[in-house]
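Chains as they are written, first to last, in full-length UniProt numbering: chain A, 1 to 300; chain B, 1 to 300; chain C, 1 to 300; chain D, 1 to 300; chain E, 1 to 300; chain F, 1 to 300.
The set of hints was computed from the structure by calculation and includes no laboratory data.
Treat the hints with care, as some may be off.
Intra- or inter-copy, both count: the list cannot distinguish identical chains.
What the hints assert, rightly or not - With a Cα cut of at most 25 Å, we get these calculated SDA-like pairs of lysine to any residue:
#, residue 1, residue 2
1, Lys-202, Met-288
2, Lys-54, Gly-197
3, Lys-228, Pro-247
4, Lys-295, Glu-11
5, Lys-202, His-248
Protein chains: 6
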Amino acid sequence: MILRMDRLPIELPTPKNASPNDAAAIQELLGGKFGEMSTLMNYTFQSFNFRGRKRLRPFYDVIASIAGEEYGHIEVVSYAINLLLTGQTKRGTNPVPAPLAPAVDARLSYHFAASAQTALPVDSMGNFWNGQNVFSSGNLKLDLLHNFFLECGARANKMRAYEMVSDPCAREMVGYLLVRGGMHVVAYARALEHLTGVEVTKLVPVPELSNKAFPETRKYEENGLHRKLYTFSQHDYQKAGLIFNGPHPEDGKPLEVVFGALDGFPVPDLEEEPQLNSPGADHIDMQMFMDMAKKMGIKY
Amino acid sequence: MILRMDRLPIELPTPKNASPNDAAAIQELLGGKFGEMSTLMNYTFQSFNFRGRKRLRPFYDVIASIAGEEYGHIEVVSYAINLLLTGQTKRGTNPVPAPLAPAVDARLSYHFAASAQTALPVDSMGNFWNGQNVFSSGNLKLDLLHNFFLECGARANKMRAYEMVSDPCAREMVGYLLVRGGMHVVAYARALEHLTGVEVTKLVPVPELSNKAFPETRKYEENGLHRKLYTFSQHDYQKAGLIFNGPHPEDGKPLEVVFGALDGFPVPDLEEEPQLNSPGADHIDMQMFMDMAKKMGIKY
Amino acid sequence: MILRMDRLPIELPTPKNASPNDAAAIQELLGGKFGEMSTLMNYTFQSFNFRGRKRLRPFYDVIASIAGEEYGHIEVVSYAINLLLTGQTKRGTNPVPAPLAPAVDARLSYHFAASAQTALPVDSMGNFWNGQNVFSSGNLKLDLLHNFFLECGARANKMRAYEMVSDPCAREMVGYLLVRGGMHVVAYARALEHLTGVEVTKLVPVPELSNKAFPETRKYEENGLHRKLYTFSQHDYQKAGLIFNGPHPEDGKPLEVVFGALDGFPVPDLEEEPQLNSPGADHIDMQMFMDMAKKMGIKY
Amino acid sequence: MILRMDRLPIELPTPKNASPNDAAAIQELLGGKFGEMSTLMNYTFQSFNFRGRKRLRPFYDVIASIAGEEYGHIEVVSYAINLLLTGQTKRGTNPVPAPLAPAVDARLSYHFAASAQTALPVDSMGNFWNGQNVFSSGNLKLDLLHNFFLECGARANKMRAYEMVSDPCAREMVGYLLVRGGMHVVAYARALEHLTGVEVTKLVPVPELSNKAFPETRKYEENGLHRKLYTFSQHDYQKAGLIFNGPHPEDGKPLEVVFGALDGFPVPDLEEEPQLNSPGADHIDMQMFMDMAKKMGIKY
Amino acid sequence: MILRMDRLPIELPTPKNASPNDAAAIQELLGGKFGEMSTLMNYTFQSFNFRGRKRLRPFYDVIASIAGEEYGHIEVVSYAINLLLTGQTKRGTNPVPAPLAPAVDARLSYHFAASAQTALPVDSMGNFWNGQNVFSSGNLKLDLLHNFFLECGARANKMRAYEMVSDPCAREMVGYLLVRGGMHVVAYARALEHLTGVEVTKLVPVPELSNKAFPETRKYEENGLHRKLYTFSQHDYQKAGLIFNGPHPEDGKPLEVVFGALDGFPVPDLEEEPQLNSPGADHIDMQMFMDMAKKMGIKY
Amino acid sequence: MILRMDRLPIELPTPKNASPNDAAAIQELLGGKFGEMSTLMNYTFQSFNFRGRKRLRPFYDVIASIAGEEYGHIEVVSYAINLLLTGQTKRGTNPVPAPLAPAVDARLSYHFAASAQTALPVDSMGNFWNGQNVFSSGNLKLDLLHNFFLECGARANKMRAYEMVSDPCAREMVGYLLVRGGMHVVAYARALEHLTGVEVTKLVPVPELSNKAFPETRKYEENGLHRKLYTFSQHDYQKAGLIFNGPHPEDGKPLEVVFGALDGFPVPDLEEEPQLNSPGADHIDMQMFMDMAKKMGIKY
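Isolated chain A, as found in the complex:
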């Protein structure tokens, strides 16, 4: 079970020069083979399916902790997409002037036909994320090797998304994910080291270009986010530190386990888009709910 927080791990700046096609490109980081839906679901299923948990608890705790974090990653990518798409067509309720005309030339028409200029579990070509992206063999060494590879593949994708889209909202998000994804790479490498004695962390970084080439990563690395594993749990997964420890392979600073989650920031409020009938429900206003709350003795 989970407890959800209405907060994002970072504060997303308002987009400055976005286009619908930028949003389409970012979808690769959400619903692509190497997107956050894949990392989330791989580690989630591996944690559900872990055999011999008692004997191998610290490995389980690493996988389960990272699984917990990935939920926040599908969230932050989705919000970045949503912000990139907000305001991309002319607002208004009259359909006659064809307010959605730009959608006709947008690469990802589902953003307009299936959603109200918001995120969907698809990749940059509009192909749907699917469960074939989940690997859960049950052999610990093989699953860890997979996860190490998956995070490296995901890193390559993030680097390329950064090079495609220069909008600051997108880049802030990608910068953050590069740092945290980089930490996940190290975590799985460390787990393999514990298991096999081979210095897998020395393979890092894959691809070779350092996170330092991406300016948005700096403030996060200065806060040590590249070497802190959060448990994303109030009470559990705390034995992850038996594996996630020692020096970071790039800067040599100590790997740390932090109990709980990041503080985070409030989720952005998404403006209405009436030309998409979103959200509709025009007869309902906040005051109505505030009155109702008062009557029912609910805090508003």
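Go by the hints and put chains B, C, D, E and F onto chain A.
Here is chains B, C, D, E and F on its own, set in the frame of chain A:
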């Protein structure tokens, strides 16, 4: 972001008469079009994509709360599948006597080829769950109508899964889901009532057979679980009560919003299956980790 | 079995300002999850699969009648796409000047590679329509609820297609479908009312924007097409009137059942596109067939 | 547009020795790559997309006529599947004794989970029919060659389905389809002959085994159904006879065009399956509708 | 088993006016339903699956020979795509100036996200090639008929790709494939003639436009490549000549079987694209390997 | 380009106790995510797409050599499936006694409906192999890491297939593939070692169970097949030895590069299955071809 708990909403009994094909049938409730992956991802994306949240907060809170709960549902279905599959082939490390021979006639070979007798995001035919199952139009009335339909369709699937599999582990889980899913049906019906004034709750139950026909639902209904919406959050989504209120359409008892999650029960420990090399890592024992923990000053 | 007519329900105007991407956008109404292939196949399979037809005949007759109409809808959407695409590349048989060059930047390359600038059972992203879009649970209440939702979802899609494409050929077709689809919404709502006593028709319209906002709907509504259910059969499905009756939820005028089909209009003749080798067969002319007909005593 | 008839082309006998797996095997003839959904949709789209219709009308009329017939073929295969599945689980409303237990070992679980023991647009492996099965190049010679091949491939599938399933209901249906599909093979071969002068009909039969090896084909061939093309239209497609003429390649009897459809037989009434909540709606009886009809002056 | 040669069947000119969308269009010839992956895999599986090989050896030899050639076709199409994409984004290792910005508007984003501006087994819409494109019924007549149709469909696709893309690199490749694919059409037609006596070669060409309309085909036809079947084997498949013989249906020159493969040309060397971290490995230089080779006594 | 040999890498024994479901299980090794179609196509596309080949030639030569070998692996798995299926239904041309009745309960109906008891590019659940299984990022380190993981995942699949199926034909093939796949694991590990200095070969074996547990591997390992990389080329890829060298990580014996292919064994002749009309063509006999050959001066 989320905080994860290493707990399941219910206690799953040890299976008594399971078969691999029972586990295959239950997969429909996990990765089927109307399975828990679908409910989880529909409400999760709808909450990320909600436009006009400030004005319509209580609707958002209902959707986000249920989204939070669904995570525990993919978890409990996965554990039920895992328990149904545990021990279904002969244990041992020697491949020569073909310990996996039963897999050849099992309907869902992925349970043996792709996982170590554990759950995967597939339906009962081995077709992978995919993002086309997510509906997120951004029009609140349409999304709520979808959710109401989705939960009714999911209810039909659960009823049929119950009628297929008589193992107590499976049925305990299905009974619980019928109660909670039934609560979700009511929640979306209530939301539509608030929005439109139409008495949608009177359509319940769909299909017509009552949850009372399923004995495993009783103890949960006696505890009021059919009429309590949990926020599955420490601090957020508490305005759900402005919508989720009034009498339950079947027994007239009051609908209630509860802040936070169920207490839950520890997750089952899944036995090793060496014939599947799961988990492998034979040179690692618990004592090693306990010694390490002692040295590092970590509680074990 | 069916009898086919070489006629369309409406007269499609010649496009004035179409582009290949307009045609791609309209494909969503043909092969999308909420397109006419979906409505056609849902009701068709539900009618084949109807259990207890004798007892529940009027419900069967409603579903079967609408299934019959939907065939004409895949037809009229296809013809609109075909007209939008006709003449979009330079005509001629010489490949050297690259007459299909515009296809390289068109969003939906299948219109040029797989067809000769004509419709295909794909959605606006070129994903193929598939049978997973068919819901046929066999529980009447659940199937009707699905159909009501499906038609509302389809309505949202039509509204958005209208807002994307301003060409008069496309809009004439969408206007007509909004009227007839709106009638289907009402029909399934009425069926649910008969079954449950809940005033489902009062949920209409979903989304909230009225058909009146779309000028092309007017002439059809003036002819009462928003409140007439055609049986699309010479002799069958005539008991639909036991369900489809009472006042229309929006204008209060009486719902009516009409036996048979609309008169319709001749199907447009699609010009040849020699650069696509379509249709080829240059050595064959009409005169040859007329002579042959004369000889064989067949009327031409 | 179409007019639908509540009739099947043949009378289906009650199954005698059916199993759920027989029904699964027959699904290949409905939703398989070479099933009736494919033939229906290929010819339907080719007829919508036909360029140069005026010049090449008789070819159009052949394709459109056969498209019309294929609707009745998806219908008759669906009904055969429905009959094969009717009564395959124990009837009753109590879920506790697991009335759907046989579904757990059935090859095609969707028949029980997604439908109420009825047909779905899937093939024998539960893979959904999809639009990639439609070929519509717009080059007449190529489309006809495709159709000739498609019908031969479909013929091979029917022959194998016959060899898999010995139930008389299934075989009556397959026998009929072999005869009519054989006629379609000849029709497309004749069309190619007209177009090219090559004696394509002499390639028949493909595969080499004659329809005569299948006893159920006899009565249909005695009635000439192997050499009669029906227009499946009241007024249109009558120029098909300019192409479909001459001697049948196997018995030398004359090919004929018949205007209109077969007389057909009433569709079977499918019994209720309460264990699947199908159709539910128990409070509604026929008498209620008869009374209502009386009051409303509608014939019942 | 195979022996691979590091050579292409033709020399590909350097592109002159390519765009990423040109490369996307050409993907249809690689991973489309009628692309070279399909022809390769159809004949490869048919050769593995051939029953009665001893009795029907010459037919087997024809299919196996063409299967061997198709490998070189996926290769040459891939290299054409790779050349068309080379240099399409700004080279450099600094991600900040968004060197991949053009990818955002490219139709096929996988070329940049999943590969380093190189080919993938997808079609022009980014849909993945899949095994459903393989037909292998085991009935020789039906398989040959399929292959004849497949090659004609592939020919139509090539003609259209030619008309879309005017870059000389693409057209050289398409011209070559038109010639060789045309030879395959004739080979399967001849095989059907041997089997049935029907003059299937007289159906050629399908579509009707001759290869002569494509100037790039000329030099290949002058070298007789339209009438020579290569065995693509050192010692095997030499009985193909018992079938592949007689006059070519278009120019009447003799069909010939040639033992072995074409001489071919060296494969192009693909330049590095550092902005895609491709290939990376910057610390490794050729000299290092040359020194190593010297030390190890390996020729470099 | 390739030269094909009509030979398999090993001699396949005649099956002794096979069932159609055994063949279905083995399909995972052909068309599964980790099957031989995947390894073949991954390395093939990586070799086509290799950037910077001149500088990094030895890496290219390793990948291209293994790509060459994988062709023989899809071949040997296909032949094993074909042999396992041969004779699994009653032979004869009369369809009336339902000779294909066993197909109704077989897990993989395509073996009977779509092929004549032969292999198809599907996995053990009948899902089609598709191009999404190909990874070709263009970053050498990432591609090698992928390949190392892919081979380990493939190894796990082979081990499980061995444990499922005890037929000697299947096990001979799996034993061989375990040895050769194990060699590929080492090759990619060595390549990563060259690139990074990390002792990746020490991770071997993954999963932990040694090939020695599988008796069929012994004779191949005794012949050194676990440590010999064949170039599968007459003249190319010979610089692979600059990477593939040093001691084998398990037995310390020297890694070797061998120019060319294995000698191999003749491919098995597959018996006819007349009940599947395979191959048909009954009027053609070998003598006819021998006579023809004599006349034409072709050696038979």
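### Query
Hint by hint, which ones does this structure get wrong, listed from lowest number up?
4
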